[in-house]
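Asker: Read top to bottom, the protein sequences are chains R and C.
Letter by letter, the first sequence follows residues 1 to 455 in our numbering.
Letter by letter, the second sequence follows residues 1 to 455 in our numbering.
The hints are simulated quantities; they were obtained by calculation from the structure and are not laboratory data.
For clarity, every value in this text was computed on a predicted model and none was experimentally measured.
Where hints are given, some of them may not hold.
Identical copies go unnamed one by one, so any copy, or any two together, can satisfy a pair.
What the hints assert, rightly or not - Cross-link-like lysine to any residue pairs, in silico, SDA-like; alpha carbons within 25 Å at most: (1) K406 / M1; (2) K406 / D6; (3) K10 / V250; (4) K347 / V59; (5) K319 / G269; (6) K406 / N76; (7) K274 / A380; (8) K340 / I106; (9) K431 / H212; (10) K135 / Y247; (11) K431 / S215.
There are 2 protein chains.
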Amino acid sequence: MKDVLDYIEKNKQAFVDELVALLRFPSVSADSAYNEGIAACAEHVRAKLVSIGLSAEVVETAGHPIVYGEWSNPANSRTLLIYGHYDVQPVDPLELWDHPPFEPHIDGETIYARGAADDKGQFLIHLLAVEAFLKTGGNLPVNVKVVIEGEEETAADNLEGFIKQNRERLKADGVVVSDTAMFDHGVPAITYGLRGIAAAEISLSGPGRDLHSGSFGGGIANPATEMARIAAALHDEDYHIAIDGFYDDVEPVADWERDAFGVLKFDEGDYLKKTGAIALQGEAGYTTFERVWARPTCEVNGIYGGYAGGGGKTIVPAKAGCKVTMRLVPNQDPEDILRKFESFVLKTASPAVTVEVVSQGGAKPAIVSRDSFLMAAGTAALERGFGREPVYMREGGSIPIVNVFKEELGLDTLLLGFAQHDDNIHSPNEKFSLADFHRGIVTVAHFFDEVGRPG
Amino acid sequence: MKDVLDYIEKNKQAFVDELVALLRFPSVSADSAYNEGIAACAEHVRAKLVSIGLSAEVVETAGHPIVYGEWSNPANSRTLLIYGHYDVQPVDPLELWDHPPFEPHIDGETIYARGAADDKGQFLIHLLAVEAFLKTGGNLPVNVKVVIEGEEETAADNLEGFIKQNRERLKADGVVVSDTAMFDHGVPAITYGLRGIAAAEISLSGPGRDLHSGSFGGGIANPATEMARIAAALHDEDYHIAIDGFYDDVEPVADWERDAFGVLKFDEGDYLKKTGAIALQGEAGYTTFERVWARPTCEVNGIYGGYAGGGGKTIVPAKAGCKVTMRLVPNQDPEDILRKFESFVLKTASPAVTVEVVSQGGAKPAIVSRDSFLMAAGTAALERGFGREPVYMREGGSIPIVNVFKEELGLDTLLLGFAQHDDNIHSPNEKFSLADFHRGIVTVAHFFDEVGRPG
Numbered sequence: 001m002k003d004v005l006d007y008i009e010k011n012k013q014a015f016v017d018e019l020v021a022l023l024r025f026p027s028v029s030a031d032s033a034y035n036e037g038i039a040a041c042a043e044h045v046r047a048k049l050v051s052i053g054l055s056a057e058v059v060e061t062a063g064h065p066i067v068y069g070e071w072s073n074p075a076n077s078r079t080l081l082i083y084g085h086y087d088v089q090p091v092d093p094l095e096l097w098d099h100p101p102f103e104p105h106i107d108g109e110t111i112y113a114r115g116a117a118d119d120k121g122q123f124l125i126h127l128l129a130v131e132a133f134l135k136t137g138g139n140l141p142v143n144v145k146v147v148i149e150g151e152e153e154t155a156a157d158n159l160e161g162f163i164k165q166n167r168e169r170l171k172a173d174g175v176v177v178s179d180t181a182m183f184d185h186g187v188p189a190i191t192y193g194l195r196g197i198a199a200a201e202i203s204l205s206g207p208g209r210d211l212h213s214g215s216f217g218g219g220i221a222n223p224a225t226e227m228a229r230i231a232a233a234l235h236d237e238d239y240h241i242a243i244d245g246f247y248d249d250v251e252p253v254a255d256w257e258r259d260a261f262g263v264l265k266f267d268e269g270d271y272l273k274k275t276g277a278i279a280l281q282g283e284a285g286y287t288t289f290e291r292v293w294a295r296p297t298c299e300v301n302g303i304y305g306g307y308a309g310g311g312g313k314t315i316v317p318a319k320a321g322c323k324v325t326m327r328l329v330p331n332q333d334p335e336d337i338l339r340k341f342e343s344f345v346l347k348t349a350s351p352a353v354t355v356e357v358v359s360q361g362g363a364k365p366a367i368v369s370r371d372s373f374l375m376a377a378g379t380a381a382l383e384r385g386f387g388r389e390p391v392y393m394r395e396g397g398s399i400p401i402v403n404v405f406k407e408e409l410g411l412d413t414l415l416l417g418f419a420q421h422d423d424n425i426h427s428p429n430e431k432f433s434l435a436d437f438h439r440g441i442v443t444v445a446h447f448f449d450e451v452g453r454p455g
Numbered sequence: 001m002k003d004v005l006d007y008i009e010k011n012k013q014a015f016v017d018e019l020v021a022l023l024r025f026p027s028v029s030a031d032s033a034y035n036e037g038i039a040a041c042a043e044h045v046r047a048k049l050v051s052i053g054l055s056a057e058v059v060e061t062a063g064h065p066i067v068y069g070e071w072s073n074p075a076n077s078r079t080l081l082i083y084g085h086y087d088v089q090p091v092d093p094l095e096l097w098d099h100p101p102f103e104p105h106i107d108g109e110t111i112y113a114r115g116a117a118d119d120k121g122q123f124l125i126h127l128l129a130v131e132a133f134l135k136t137g138g139n140l141p142v143n144v145k146v147v148i149e150g151e152e153e154t155a156a157d158n159l160e161g162f163i164k165q166n167r168e169r170l171k172a173d174g175v176v177v178s179d180t181a182m183f184d185h186g187v188p189a190i191t192y193g194l195r196g197i198a199a200a201e202i203s204l205s206g207p208g209r210d211l212h213s214g215s216f217g218g219g220i221a222n223p224a225t226e227m228a229r230i231a232a233a234l235h236d237e238d239y240h241i242a243i244d245g246f247y248d249d250v251e252p253v254a255d256w257e258r259d260a261f262g263v264l265k266f267d268e269g270d271y272l273k274k275t276g277a278i279a280l281q282g283e284a285g286y287t288t289f290e291r292v293w294a295r296p297t298c299e300v301n302g303i304y305g306g307y308a309g310g311g312g313k314t315i316v317p318a319k320a321g322c323k324v325t326m327r328l329v330p331n332q333d334p335e336d337i338l339r340k341f342e343s344f345v346l347k348t349a350s351p352a353v354t355v356e357v358v359s360q361g362g363a364k365p366a367i368v369s370r371d372s373f374l375m376a377a378g379t380a381a382l383e384r385g386f387g388r389e390p391v392y393m394r395e396g397g398s399i400p401i402v403n404v405f406k407e408e409l410g411l412d413t414l415l416l417g418f419a420q421h422d423d424n425i426h427s428p429n430e431k432f433s434l435a436d437f438h439r440g441i442v443t444v445a446h447f448f449d450e451v452g453r454p455g
């Protein structure tokens, strides 16, 4: 490892130059005016993979191309799938940028450019760590398969098609992704779990048309009221979810996790400021971190019924409805939860309205076991890269590609994020810390080393 | 009375001819293309009033004119205000009419034309009853003030302005209006009560903007859920309204009313067919007639919050709201009810959301006491005109002009409707029974006679 670490130290400036070069490509995926920038960036990444010793190709898709590369040594016991994306968010509103978004600007230890943190600066960390191994000993302790896509910032699913068509080729032992943030400045994090999701829509019908609420109000059921009664019944007084059997398969928050989340600094004032809420609220008996990372939820994303325009309209509405997504935790299964949701809604609804529940599918929660080599290696690597133990986090959302890796390839994904929450991703003046860029390369080199050790 | 009744009998055909003449005016108030028809109709009504012996004028307003007429004899003890409207609904879709809407078509005992039932055929009944008195004995047992407006089918409130500016001139002992329906074919009705109304809108704010339901769901309050919890709390399990003190001033349904409503034929299948509902539902312990006529309600006219478009959107919405109207019965006061509503909502809302309740005013319930001369006279008159006792009804809606008469002039209004529920008012092929037209004239003549008797 010494040669590897020396190489990283010696090439500190060269690596920054490489980042600058990568950031110059205007690879905005959502706007076809940038198709040239996308194509050039894909080719640049392919060339980089080849230059450091991988076999690599640009895979054309129905949308933007995927860059795929791999390197293996039969002596290695493990294979890592490294995922990233070379496309970036649009730059509007351009006038709010202090410097042109595709002319990287360095101020002290910070680099400003579109894509700096999301995700060019982060996936490049992995390529440079690979380079450090291959350019020193000519070997890498793990086999690597690199997938850098160009449609992460769009709704396209060409990557999913690529994965489905290349299940054999993409065989690996685990996935590592750097596309998230650290817990805080100077505080590295292991993000080892994502919540799953299950979505459904409830539709209620009452009268055949909107009726005059004077002439008919009181005589027949009001679907808006009935919708409210169902939506209200989803939680009890303590904000536990009241759907029968909803918690049957929920893995309780483990003691070690409670401890791990408990040591994380939670600044209530800052959280309220960030969300704009006037108070915290959630399931009784759990902290905010536990509530959003490790406990399931049932959120009304939208409720509607009757008249919502200006002024008033004296009607008993004909219809009402509500869109719900439930965030799931291990070992809840979206299909099972959707069945329980439907049963609960049908049971709860007034017999005087017609109720329909349409399940819209979902995704399983994803978690890396504490015993997994990914988590052990990540922990050890971050300690070496940042000089302090990482904190253990989960993420409340679902990252679709992580579910695809799990569903299609059977692989767990570890999220080793090196960005900060205030890096302005998706906003003007996106930035990335060059110190963390450097520490990230050191960390990932150690990660490869750890993963490569006989388990 | 014999001369009066003979006159009515003798002029049966002449009165039908008068109705046909009145129906020929295309007095659509909502479309300025018909302004000429409106003006000509107003002048026709004024001329009719003069021809039967009233002093009358066409009163110009900011919109369509009001026809005002009066006749008095100092010997009379009571004055009746007679209200009607000469404007009619639009005729679209014209292709669905079997005969041109302004070329009255008579088929047996039925006349087809726009305005036949709503309201030309009905207000003309009153003018012809006045005529029968004045053309026989030259006297009328009551003083009459006649207001026939031209904007009932629009949202204009020029009539309200006219009433406010003419409080002295319009002084009377009661109002009679024929602009509603009988209970059924052959079953005359006294409609002696209208529900009041109180309107409010609830607005909830949670996070400062729609938040990602994965990252934040579970940690903060969801305004759509909280809105549902408030809307659901408005009623208890038995659909009694749960607002504290809501029923404090409610006059219980009197035994005689329960009996009166109880004898009315209620066809559940027909009611469900008419409303399109799959079942009846309402406050426990009351019949449908009691629920919609004599009990207050709290209806959600609209509920909204978050995403209501196609597909889904995984958000914790920033805002939600709900529009509510409460129908009131004697002796509930809209201002008092709105205060109680607001207190209840504020008490019920989660402290983790910001809640605002905006009261949008209301109107008091209107009821004619059983002891009122209007009700006694109406009952006696209908018995004579239709050969059977009338049934006693209330109406669940609020008729704004009735509230104006009450608020501005302190007058109760009796609704003596001669139309049928299937007369296609506001629809193609509007019709009116010529038999009921005739019986109506006889009834109103008796009504004048009854009202004129020393009380």
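Asker: Each of the hints needs a verdict: does it hold here or not?
Answerer: Consistency of the hints with the structure:
Proximity of K406 and M1 under a CA criterion of 25 Å is satisfied in neither setting, with 31 Å inside one chain copy and 94 Å between copies. For a Cα distance limit of 25 Å, the shortest separation of K406 from D6 qualifies neither inside one copy, at 36 Å, nor across copies, at 94 Å. In this assembly of identical chains, the alpha carbons of K10 and V250 never lie at most 25 Å apart, being 49 Å within a copy and 87 Å across copies at closest. Proximity of K347 to V59 under the C-alpha cut-off of 25 Å is found in neither arrangement, the shortest distances being 51 Å within a copy and 61 Å between copies.
In the homo-oligomer, the alpha carbons of K319 and G269 lie at most 25 Å apart only across protomers (21 Å), although the nearest pairing inside one protomer, at 40 Å, exceeds that limit. Taking CA atoms no more than 25 Å apart as the test, K406 paired with N76 passes inside one copy only; the shortest distance there is 23 Å, against 93 Å between copies. In this homomeric assembly, K274 and A380 never come within 25 Å of each other (Cα to Cα): the closest approach is 32 Å inside a single copy and 72 Å across copies. Taking CA atoms no more than 25 Å apart as the test, K340 paired with I106 passes in neither setting, with 54 Å inside one copy and 62 Å between copies.
In this assembly of identical chains, the alpha carbons of K431 and H212 lie at most 25 Å apart only when taken from different copies (22 Å versus 57 Å within one copy). Proximity of K135 and Y247 under a CA criterion of 25 Å is satisfied in neither setting, with 52 Å inside one chain copy and 84 Å between copies. Proximity of K431 and S215 under a CA criterion of 25 Å is satisfied inter-copy only: 22 Å between copies versus 62 Å inside one chain copy.
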